[in-house]
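Undergrad: Build out the structure end to end from the sequences listed, making use of the hints.
Chains as they are written, first to last, in numbering that gives the first Met the number 0: chain B, 0 to 306; chain E, 0 to 526; chain L, 0 to 347.
No lab work stands behind these hints: they were computed from the structure.
Since the model is a prediction, treat every value here as computed from it, not as a measurement.
Please note that a few of the clues may not be correct.
[What the hints assert, rightly or not] Straight-line C-alpha distance at most 27 Å; calculated DSS-like pairs for lysine-lysine:
{"no.": "1", "chain 1": "E", "residue 1": "Lys-271", "chain 2": "L", "residue 2": "Lys-171"}
{"no.": "2", "chain 1": "L", "residue 1": "Lys-58", "chain 2": "E", "residue 2": "Lys-408"}
{"no.": "3", "chain 1": "E", "residue 1": "Lys-408", "chain 2": "E", "residue 2": "Lys-485"}
{"no.": "4", "chain 1": "L", "residue 1": "Lys-58", "chain 2": "E", "residue 2": "Lys-120"}
{"no.": "5", "chain 1": "E", "residue 1": "Lys-408", "chain 2": "L", "residue 2": "Lys-310"}
One letter stands for each residue in the lines below.
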Amino acid sequence: MTATFSAPQGGLRAWLKTDAPRTVFQSAMQQLYRGWRRFATHPLGLAGLAVILLLVIAAVAAPWLTAYDPIAQDMVNRLQPPSAAHWFGTDEFGRDVFARVVYGARTTIYIILLVTIIVAPIGLLIGACAGYLGGWVDEVLMRVTDIFLSFPGLVLALGFAAALGPGITNAIIAIALTAWPPMARLARAEALSLRKADFIAAVRLQGASKTRIITRHILPMCLPSLVVRLTLNMAGIILTAAGLGFLGLGAQPPLPEWGAMVSTGREFMIDCPWVITAPGIAIAVVSLAFNLAGDALRDVLDPRSGE
Amino acid sequence: MRLSLLAATAALALAFGAPGAQAASPANALVIGTQLSAVPSLDPAAINARTVSEIVSNLYDNLVMVTPDDLQTIRPMLAESWTVADDKRSITMTLRQGATFSSGNPVTAEDAAWTIQRVIKMGQVGSTDIALWGFTKDNVDQLVQAKDERTLVISLPQPVSTDLVLYSLAGASLGIIDKKTALEHEQNGDLAQNWLKANSAGSGPYKLTTWRPNDILLCDARADYWGGAPAMKRVVMRHVPESGNLRLQVEAGDIDIGQYMANSDIEALKAKGAAVDPGPGLGFYYMAMNTQDPDLAKPKVREAFQHIIDWKPLAETTMNFNGFPWQSIIPKGMPGAPTGEPTGYQYDPELARKLLAEAGYPDGLKKTLYPSGDALLKMAVALQASAKKAGVEFEVVPGEHTPDFRARKYQVLVGNSGTRLPDPFGTLVQYAYNPDNRDEAKLGGYYLWRTALDAPELTQLVTQSKSETDPAKRAQLFTEIDQKFKAMVPSLVIVLQRTDPYVIRQGVSGYVGNPTWSTRWHDVKKN
Amino acid sequence: MTTVDTFNRPARFLRMRRLSGRTLSVVVTLVGLMLLTFSMGRLLPADPVLAVTGSEVDKATYDRVYQELGLDQPVWQQFLSYVGRVATGDMGRSLTTGQPVSADLLSVFPATIELALVAILCGTLVGVPLGVAAAVNRGRPIDHVARVIGLAGHSVPIFWLGLIALILFYAKLQWVAASGRIDILNEGMVPPITGLLLLDTALQGEWDVFRDALGHIILPGAILGYYSVAYISRMTRSFMLEQLGQEYIVSARAKGVSRRRMIWAHAFKNIRVQLLTVLALTFGGLLDGAVLIETVFGWPGLGQYLTRGLKMNDMNVVMGAVLLIGITFLVINIISDRLYRILDPRTR
Chain B
0 MTATFSAPQG GLRAWLKTDA PRTVFQSAMQ QLYRGWRRFA THPLGLAGLA VILLLVIAAV
60 AAPWLTAYDP IAQDMVNRLQ PPSAAHWFGT DEFGRDVFAR VVYGARTTIY IILLVTIIVA
120 PIGLLIGACA GYLGGWVDEV LMRVTDIFLS FPGLVLALGF AAALGPGITN AIIAIALTAW
180 PPMARLARAE ALSLRKADFI AAVRLQGASK TRIITRHILP MCLPSLVVRL TLNMAGIILT
240 AAGLGFLGLG AQPPLPEWGA MVSTGREFMI DCPWVITAPG IAIAVVSLAF NLAGDALRDV
300 LDPRSGE
Chain E
0 MRLSLLAATA ALALAFGAPG AQAASPANAL VIGTQLSAVP SLDPAAINAR TVSEIVSNLY
60 DNLVMVTPDD LQTIRPMLAE SWTVADDKRS ITMTLRQGAT FSSGNPVTAE DAAWTIQRVI
120 KMGQVGSTDI ALWGFTKDNV DQLVQAKDER TLVISLPQPV STDLVLYSLA GASLGIIDKK
180 TALEHEQNGD LAQNWLKANS AGSGPYKLTT WRPNDILLCD ARADYWGGAP AMKRVVMRHV
240 PESGNLRLQV EAGDIDIGQY MANSDIEALK AKGAAVDPGP GLGFYYMAMN TQDPDLAKPK
300 VREAFQHIID WKPLAETTMN FNGFPWQSII PKGMPGAPTG EPTGYQYDPE LARKLLAEAG
360 YPDGLKKTLY PSGDALLKMA VALQASAKKA GVEFEVVPGE HTPDFRARKY QVLVGNSGTR
420 LPDPFGTLVQ YAYNPDNRDE AKLGGYYLWR TALDAPELTQ LVTQSKSETD PAKRAQLFTE
480 IDQKFKAMVP SLVIVLQRTD PYVIRQGVSG YVGNPTWSTR WHDVKKN
Chain L
0 MTTVDTFNRP ARFLRMRRLS GRTLSVVVTL VGLMLLTFSM GRLLPADPVL AVTGSEVDKA
60 TYDRVYQELG LDQPVWQQFL SYVGRVATGD MGRSLTTGQP VSADLLSVFP ATIELALVAI
120 LCGTLVGVPL GVAAAVNRGR PIDHVARVIG LAGHSVPIFW LGLIALILFY AKLQWVAASG
180 RIDILNEGMV PPITGLLLLD TALQGEWDVF RDALGHIILP GAILGYYSVA YISRMTRSFM
240 LEQLGQEYIV SARAKGVSRR RMIWAHAFKN IRVQLLTVLA LTFGGLLDGA VLIETVFGWP
300 GLGQYLTRGL KMNDMNVVMG AVLLIGITFL VINIISDRLY RILDPRTR
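TA: Next comes the structure, spelled out in structure tokens:
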């Protein structure tokens, strides 16, 4: 067999489309490409993705998008309506609202990333172990999960945030503590169905340890549905974060956080509605984007679940 | 589908077609929109906050009173006259005839004596003022006695200006309670504390009808009130936590008086014709520095901190309606108070930087800044920005920090104070008095103690002013204390004198805020 | 007789075992709930002694109350006594209202329940028809529109929506009333039976007061309901799709049954049970939104009680309110579970 590795001929597209992938990497890339093509057929999902990208750009390129310092006060110019100088107007301390919304994207990204980093591993691990190992491990872990699920998300997050103290990181930890149970549940369901799968039995016969089975085989299979669920839940997480900010338990001043901006701005709401309009819309749009993107993602990664 | 549409339309029609959805405040009822959170009790002896003092001063009468237009003059109320003994160590009060409690029982000197004894014995926040004169659980029964039905004798354990004693008797916490009725509801010897939390037994023009904490307070007028039945037959205090909501209701005529409103809402209502009673108060907004912190113990650092507050725009914008610029520990207009605009520390970031460098901090300082409560958050954020320009970096930590303040567990804090004594002694004893600076003394009631600054000379002068009776000498003493306070580079920097505005709807007259917080409803009328 | 016995005994035995298993799991969950609230309460930066004595207290009284509250005991013992007290209904006293927490909860809880019920009603009235329309017109524009409408309700911050609605419907249009549950004129006019104003006034025929209460609850209830439209319409849509794909629908179509009858009399009928459980779950989720909406509208309910308790570090309030919410959630889940079992003809 002339097994020469030929450079991708016909360009990237051919490499992605060929029927006989030569490496695991290529096969994975092909799957990704196929998934992307499916995703691209959902206009609403694309719109959601676009907004998320916009969010990332705003967070990263904030200093280039606005010349104003989001925390510099200018009492002479407080509560100015939107104008050419201040696109979204100024707040009660004379700070430029547009700048605060843009820099607030950083806070939002920080929330999203940190929550994901905490919730995904914890949820996956707990769920996969519970599902695969079964028995009393399952009972105990599910009991704990149930208890956390016994509270509406915001209420539990409120309690933890109050106990941990003010500050954005504490608020995130509080939210993460309430967001992992659905992930665990999901991972458990996946692990349960996988437990009986043939290939798992095969690997077990080969002598793989429980740890290896869980980490190398079960966990990766749970990922797709986890990603979908996390994306969908991210909308709720953003709202919960905004809710905590609204109640004064989120970012400490003068950090721009959209929920806190609505909270402090509501004092001036009737006469100066621009102070809360922009952050409120920002929250709504980003949350909606995650919902739409998550929906499309679900269609792509898990077509049997529903529509 | 059709059924649900039908149901929806029906519900909407019911709701929106309701004539009662919008009921303007009735002609003979006064509706006050305020904040009723943190009102744990209606027992006069257990309270000292502003709103609840207002409530209590209408359910209960005092022996004497002071009116907003002339705080220094003591006027008769339940006591129609009084005399001071020659040695100035006792006051004999004669009670008026014809005053009755809401139960129908006549007001007697025994009720008055029992009330005063009770306040001291309970020893809660209501007793802070009167306990200053040396009354204790052990001596109050002998010192305060009813000689007969109409004669009350108060003997003073220490030499004290009798005016001061009378001022404290005018405070809401000394509202006279119906002893017979109260004791009928006593449980386990608690002096009726539990019952009086949610019931009233006073001789005031109003009696309590409904009390739901954090929700609503309803009082009905007493036709048989000795001072004549009030025009407002019913007074409703409603808990409206959102200022915007409250403003909309005042605009719509559903609510007559708005309290605790945000500045922009007050501005808007003022522009629409509502009256705004500025509501000057006997207290200040201050920045406190904990001198147990090694950096803040240095006087030069504290001096630098005097120049990091941009108080002018603060008073004009963020704290508009909440206070006016002030830099003395004697409230404006009181004997010994400075006249004219504040002339002390100005906002000078350059000077602050220089002073800090001289004190050994060329790169500035970093401290945590606590607002004492939510209401102070705005001020803290404003201070954070103005301090930054002077090289002082504050990390603002929102939350309720009064307990931390009392426990000396903070670095820098902004808060506000209030007192109900219409005399400079009231604020001086808060700001310039520290009898025992040790941690163990736990004198959390004194701000100077909270900042751990020892000031023996000042303390002694304040004590002296307590017993000095000559008004000219007192005024001199007060000025001296004020100046000495400033000279020691205090740990408490006064920024504003507080004002607590009341927004009064057009057509409502006779509602005047009392700086001692005994705002009375008796003379309120509507046209 | 003997045949009936032998038939029923194993069934009854199994049922009892299932019941005791379920009861056990409920008890365990309850204990877990209390553990959670207990730790939350202890973690709060609040001094439990001051909650009882107030903040002005001398050392002697402080020490006495410290002992009385058992704070010198090991933690597990404190937890046990906490469980014991809760079981008898003693949740301590609130620092800010001065009342026993259980009394406070008794007055604020019905307010939130009433709000949630109105919200569910609004959410159902909008969400169910929306979901059915989306399912029947799958893929067509109305499907997408329905989805976006629902999602928007779930994405917009509810406190923001509440504020905007207040300006529009109260200030500008003057259609509804503002804070509180009832006008001051009607305070105390109707003796409470259930604590649910709408029900109490209707039961006693006080229609004026009923209308007043309705005017107060309709706006916060509708907004809270909008919050749940997404979930309800979503689930309705997916259940309907499941039904519409089934054989009996196809054969009914072939037999010439009218479209409307097919949708409502056949498909929808079959999903009613599932919808009920969806509603029950939504109810619990509404408690989230209630916390925020109550703050905006000054609604004297459990949500406001909790947030204020958290702000004031009122430990007993936080523990009591969180526990009550958890128990409510648990009860709703149990009820919906049982309802499902009872009503679903397939499990009978």
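Undergrad: With a cut-off of 27 Å on the C-alpha distance, tell me whether E/Lys-408 and E/Lys-485 pass.
TA: Distance of about 24 Å is within 27 Å: holds.
Undergrad: Hinted pair, alpha-carbon criterion (27 Å max): E/Lys-408, L/Lys-310. Please report holds or violated.
TA: 19 Å, holds
Undergrad: Take a quick look at whether E/Lys-271 and L/Lys-171 sit within 27 Å of each other, Cα to Cα.
TA: 15 Å, holds
Undergrad: Given the proposed pairing of L/Lys-58 with E/Lys-120, does the C-alpha separation stay at or below 27 Å?
TA: Measuring from Cα to Cα gives roughly 17 Å; hence the hint holds.
Undergrad: Are L/Lys-58 and E/Lys-408 close enough, with their CA atoms no more than 27 Å apart?
TA: 18 Å, holds
Of the numbered hints stated above, none is contradicted by the structure.
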